[in-house]
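With the sequences and hints as input, model every part of the structure.
As given, the protein sequences belong to chains A and B, one line each in that order.
Residues in the first sequence are numbered from 26 upward in steps of one, following this note's numbering.
Residues in the second sequence are numbered from 7 upward in steps of one, following this note's numbering.
Quick caveat, the hints were computed from the structure, so don't treat them as lab data.
Do not rely on the hints blindly, as some may be mistaken.
Unchecked claim - Simulated crosslink set (DSBU-like; lysine-lysine; CA at most 35 Å straight-line):
no.	chain 1	residue 1	chain 2	residue 2
1	B	Lys106	A	Lys82
2	A	Lys82	B	Lys66
3	B	Lys62	B	Lys74
4	A	Lys82	B	Lys62
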Amino acid sequence: KAGVTQTPRYLIKTRGQQVTLSCSPISGHRSVSWYQQTPGQGLQFLFEYFSETQRNKGNFPGRFSGRQFSNSRSEMNVSTLELGDSALYLCASSFQGEVDTIYFGEGSWLTVV
Amino acid sequence: GDSVTQMEGPVTLSEEAFLTINCTYTATGYPSLFWYVQYPGEGLQLLLKATKADDKGSNKGFEATYRKETTSFHLEKGSVQVSDSAVYFCALKPQGLNEKLTFGTGTRLTIIP
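See the structure below:
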C-alpha cells in the first residue's frame with residue numbers, strides 16, 4: 026500500500042509570499058499531523074487533524090494553518106513567509122488508535138529567499 | 007510537559023562495533039516510545055517501537071527496551087554496518103488518542119569501514 030505522499034518535494038519562495046503544502050495519508054488513515062524540521066530547532070509539532078477537525082496544535086504563530094478534507098488529505102499553509110520558515114515540513118499519518126504507529130512522508134523542502 | 011533527552015552526537019564507530027544511543031524521557035502516564043531513522047535527504051522511517059513497560063522493540067538488528075523505572079529507551083545494535091549511517095531520533099507519544107510526537111534532538115551516526 027502506498028505510503029504518505031507529500032507535494033511538492035522542493036520549492037523556493039520569496040519573503041512575504043505564501044505557500045501551500047499538500048499531504049495524502051496512507052489509505053485508511055484518518056489522522057494527519059505536520060512537523061517542521063530545522064537544524065536549530067529540530068523536529069517540532071505544528072498541528073494534527075482528525076476527521077477534518079484540528080485536534081492538537083503546537084506553538085507556532087497564526088501564519089501557520091492547516092486543514093483536512095473529507096478524504097483525509099491535508100494541506101498546510103504558511104502566509105507572509107519569513108526567512109526562518111525555511112525548513113523541511115513533514116507530514117505524518119496514523120489510523121488513530123491509542124497505540125498506533127505514526128508514519129511519515131518524505132517531506133517538502135521549503136526555502137525562503 | 008513531555009520531553010525526550012537524547013544522547014548528543016555525532017557518534018562515529020567502526021564497522022561491526024557495538025552501538026548504544028541513550029534516550030530518556032519525561033511524561034505522565036504510560037507513553038508509547040519510538041525510534042525513527044532519517045537518511046540524508048529523506049523523511050523519517052520508523053525503526054522500532056514499544057508501547058508498554060518492559061516491551062522490547064526490535065528491527066533490522068536494532069533493539070530497545072521500554073524501562074519505566076529509569077524512564078529510558080536506549081537503542082542498541084550488536085554489530086553496525088556502513089549502511090546504518092543516518093540520524094536517529096527517539097520520540098514519545100502520549101497515552102490516549104493523541105497523535106503528537108515529542109522528539110529528541112537526534113543523534114548523527116557515522117560508521118566507517
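Each hint, compared with the structure:
A hinted pair counts as satisfied when its Cα atoms are at most 35 Å apart, and B:Lys106 with A:Lys82 qualifies at roughly 9 Å. At roughly 34 Å between alpha-carbon atoms, A:Lys82 and B:Lys66 fall within 35 Å of each other, so this suggested pair holds. For a cut-off of 35 Å, the pair hint linking B:Lys62 to B:Lys74 stands: about 12 Å separates their Cα positions. Taking the CA atoms of A:Lys82 and B:Lys62, the gap is near 31 Å; set against the 35 Å cutoff, the hint holds.
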